[in-house]
Amino acid sequence: MFVETLTLGALAENCYIVADETSRAAVVFDPGDEADRILAALRARNLQLKLIANTHGDVDHVMAVGPLKRLTGVPFAIHPADVPLIRRAHVQYVQWFGTLAEPVPDPDLELADGQELEVDGLKFTVLHTPGHTQGSVCFYFPDAGVLIAGDTLFQGGVGRTDRPVGNWRQLIESIRDKLLVLPDETVVYPGHGPPTTIGREKAFNPFLRELSSD
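All residue numbers for the sequence shown refer to this note's numbering, where the first residue is 7 and numbers rise by one.
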């Protein structure tokens with residue numbers, strides 16, 4: 007298994023292509039923008055896209071979902087609690103950037119906590135981690151020791167919770183109960199910024215200090 011990072015769009019969002027080296031099957035996580043760059047990366051590695059999966063429904067993470075799905079026909083998966091976000095994402099995109107955008111389609115697959123998925127050799131588990139949004143999830147690949155974390159956990163930071171869809175206590179509980187229990191060596195690929203590990207964030211993330219007293 008390998009992971010390729012594409013940093014896309016005006017908000018520098020991390021999209022991840024995760025692929026099985028034997029089957030060449032790939033899953034694209036959080037295609038935020040620039041569908042042409044994602045498709046070019048897939049072609050360059052001779053990968054077959056099998057699934058589009060999103061950690062959450064914020065506009066900077068979803069605006070290439072529509073074009074990718076239209077051009078490849080693959081299914082799209084997201085937690086149902088974030089469907090209201092994706093339904094208005096194209097309107098928000100116009101408001102923010104002044105550019106028309108293709109609407110995000112409703113999901114073909116609704117994700118749930120503990121759900122185990124397998125895509126041609128890629129095996130991963132859905133971890134529901136509400137707090138940044140109500141439908142936020144992370145994707146954990148136990149065999150590879152990899153976590154696709156979206157905007158739940160960053161290197162030295164955590165997701166914002168100052169919007170109606172956010173909740174600080176919920177976010178901290180999600181991180182404590184679902185993420186910090188993973189092995190310290192687990193590599194965390196966040197929605198923005200560089201990768202990190204669970205062990206590093208346990209030791210140095212200033213936003214998680216309150217967990218030591220829980």
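These are calculated hints, taken from the structure and not from any lab test.
None of the values given here were measured: they were computed from a predicted structure.
Errors might be hidden in some of the hints.
As the list claims (entries may be wrong) - Computed list of lysine to aspartate or glutamate pairs in DMTMM-like fashion (alpha-carbon distance at most 20 Å, straight line):
hint	residue 1	residue 2
1	K129	D42
2	K56	D126
3	K129	D119
4	K208	D168
5	K56	E10
6	K56	E124
7	K184	D119
8	K184	D114
Unchecked claim - The following label-pair restraints were derived from C-beta to C-beta distances:
hint	residue 1	residue 2	range
9	P81	L217	31 to 39 Å
10	R30	P212	38 to 46 Å
11	V89	G120	32 to 40 Å
12	G151	V89	15 to 23 Å
13	G162	E116	14 to 22 Å
14	W174	R51	36 to 44 Å
15	T105	G199	21 to 29 Å
16	D149	P90	33 to 41 Å
We treat Cβ as the ideally placed atom computed from N, Cα and C, and that holds for glycine.
Outcome of the hint check:
1. K129 / D42: Violated - the C-alpha atoms of D42 and K129 are around 27 Å apart, more than 20 Å.
2. K56 / D126: The hint holds at about 8 Å.
3. K129 / D119: holds (15 Å)
4. K208 / D168: violated (23 Å)
5. K56 / E10: Holds, at about 16 Å.
6. K56 / E124: holds (11 Å)
7. K184 / D119: Holds, at about 10 Å.
8. K184 / D114: With Cα atoms ~25 Å apart, K184 and D114 exceed 20 Å; violated.
9. P81 / L217: 31 to 39 Å: holds (36 Å)
10. R30 / P212: 38 to 46 Å: Cβ of R30 to Cβ of P212: about 41 Å, so the range 38 to 46 Å holds.
11. V89 / G120: 32 to 40 Å: violated (20 Å)
12. G151 / V89: 15 to 23 Å: Check failed, 31 Å falls outside 15 to 23 Å.
13. G162 / E116: 14 to 22 Å: Given about 32 Å between the Cβ atoms, the range is violated.
14. W174 / R51: 36 to 44 Å: holds (39 Å)
15. T105 / G199: 21 to 29 Å: holds (25 Å)
16. D149 / P90: 33 to 41 Å: holds (34 Å)
Checked against the numbered hints listed earlier, the structure breaks hints 1, 4, 8, 11, 12, 13; every other hint is satisfied.
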